[in-house]
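Asks: With chain A fixed as given, assemble chain B with the ligands onto it according to the hints.
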Amino acid sequence: MLDAKSKSFTTADGRTIGPVVMEMRNITLRFGGVVAIKDISFDIREGEIRAIIGPNGAGKSSMLNVISGFYNPQEGEVIYRGAKRPPMRPYQVARQGIARTFQNIALFDGMSVLDNIMTGRLNHMKASIFDQAFWWGRAQREEVENRRKAEEVIDFLQIQNIRKTPVGRLPYGLKKRVELARALVAEPSILLLDEPMAGMNVEEKEDMSRFILDVNDEFGTTIVLIEHDMGVVMDLSDRVVVMDYGRKIGDGTPDEVRRNQEVIDAYLGVAHD
Amino acid sequence: MPDQLIFAMEVTLNGLLNGVMYALVALGFVLIFKASGIFNYAQGVMALFAAMTLVGIQQGRVPFGHLINEIFGTNIHYFGWEVPALAAIALTVLVMIGFALLVQRFVFKHLVGQEPIILFMATIGLAYFLEGVSDLMWGSEIRNLDVGLPQGINDVIDAATFDLFGYGFFIDNLDISAAIVAGILVAVLIAYAQYTKNGRAMRAVADDHQAALSVGIQLNYVWVLVWSLAGIVALVAGIMWGSKSGVQFSLSLIALKALPVLMLGGFTSIPGAIIGGLIIGVGEALFEFAIGPMIGGATENWFAYVLALVFLVFRPQGLFGEKIIERV
Ligand SMILES: Nc1ncnc2c1ncn2[C@@H]1O[C@H](COP(=O)(O)OP(=O)(O)OP(=O)(O)O)[C@@H](O)[C@H]1O
Ligand SMILES: [Mg+2]
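Protein chains in written order, with my numbering: chain A, 1 to 273; chain B, 274 to 601.
Among these hints, one or two may not hold up.
[Stated by the list, open to error] Heads up, simulated PhoX-like pairs for lysine-lysine below, C-alpha to C-alpha not over 25 Å straight-line:
#	chain 1	residue 1	chain 2	residue 2
1	A	K164	A	K149
2	B	K307	A	K164
3	A	K175	B	K382
[As the list claims (entries may be wrong)] Partial list, computed: chain A residues near chain B (C-beta under 10 Å):
#	residue
4	I17
5	G69
6	E179
Hint data in this document are derived by calculation from the structure and do not stem from the laboratory.
Every residue gets a Cβ at the ideal spot worked out from N, C-alpha and C, and that includes glycine.
Next comes chain A alone, as it looks inside the complex (with noise of 0.2 Å):
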């Protein structure tokens, strides 16, 4: 597993997993005092299913937001596909290629399910004001590879049922569901998922777990993942990065990390769900 980092091997169960396509040098995020994360380094492979896990205020999110740009650190630096990265507004990373979804669920309340689900295509929308405004040829034949897309990922996803309801009205899974459609929809290199499955029943976690592996799986989309449940955990994910208090206190297989003493510390005393 720790082969130089530009080399590609195939997993047990015979998926491939890339070179190196980000990495994250000494990372120090401060909010006036809060040390939101303390010197952090790590790497995410291509195609790989990386977790960041931790207790509760370990500075899990906060990792996620740097890496979309939601944040930009004090210190250390992002190397995104071999280049250093320039501080970045969220809109410039997720043209990048860099889609996510929110701890919270961030959706547009007012819209549909599709309209939602349709947001996610604009940065493929080319076609100017003009074509637009008079729906001529570009303008048509990009609208209707987007719903394709659009539908597509509806299937995938398996909510056909709902196209139409307004995504305010959904049970808080489906908005989950939603909100990952969104994100697939954009048709990212890597997908950033905060907690994708907090807050659902058995039955809904097994249907998240098999959508995040088939994404995955099918298209190579590399996953970074964050997630409380420790058997969803290590179900799914190739490496974990275990942080707390802002700091990194493990990284490996879910095997390795399991082992580690500092892990088992942390998570010794701790409430989690």
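Replies: Chain B with the ligands in isolation, oriented as in the chain A frame:
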């Protein structure tokens, strides 16, 4: 048919046409408020500025003429050409887009995430600043605005109603064309928001900033867009009111007419702005017609506010807003 009823019909019709104008002004507020949470106090002054700019360009006036003459001791006021109405409108649209860019770049970009009251104060500052700029650029005298809209009594309606009731309605052609233009503008805006990339981005930003960012929308860009659209709406409102009663400072007070419309229709609803505008237009006209003479007239000045206030007490969320239920 009794005379009173016939008069009331004429009054209602005129009220409706006025209401379309109110709706148009209110729409400018709604656009910006929805997308950025900013209540734009400057909307009325934007209409004044847009109308002044249009007239200035049309008549070939030299912008900042007074200032230039003062500094260089020259005496120039006109370029000596006249710009056709359509070209002048197009140029004014460009000016309003430029204004939107500047406002976003130099004011609101620096106020992202501030309290609504602070944003509101900034727009008050902006209103007075823009008023000053308008004076400096084009002067403050009353100007005639004429872009070739038909004026005067509509003979067709006059004749038709005369045949029907033996009394011809007085409906101004200008009001009719204003209503048609406003109707088209609203339809175009709605289609734009519904079907174009920028429109989708606008709706997304209006709904949830964070989610919009995550799908790759640049907030700054959308805000410039929204201010530009509000500028264009202000221009159209400025043209309508300016054609009717000349371009002068009082034009900026049309914003005051939009406030009760917003109280009625809600600050975030485009259909609300339209229906609200119509209700206020008809309501104030009928009230002035029926009750006005008994209490000394001029009820148009305050009736809209009273109506809105009564309404507010019973439906604080406006006509189309979701019911607000306090969480306890
Ligand atoms: N925008 C912010 N402003 C101020 N402090 C913040 C902000 N975001 C996060 N923090 C702080 O940074 C620390 C890490 O928070 P973060 O949300 O990253 O934790 P987490 O590991 O995702 O926790 P959880 O499991 O509860 O989601 C916390 O102390 C939090 O209060
Ligand atoms: Mg979190």
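Asks: Each hint: holds or not?
Replies: Consistency of the hints with the structure:
1. A:K164 x A:K149: holds (16 Å)
2. B:K307 x A:K164: holds (23 Å)
3. A:K175 x B:K382: violated (32 Å)
4. I17: Result: violated, 26 Å to nearest chain B Cβ.
5. G69: Constraint on G69 of chain A satisfied, holds at 8 Å.
6. E179: This interface hint holds because 8 Å falls under the 10 Å limit.
Violated hints for the displayed structure, listed by number in ascending order: 3 and 4.
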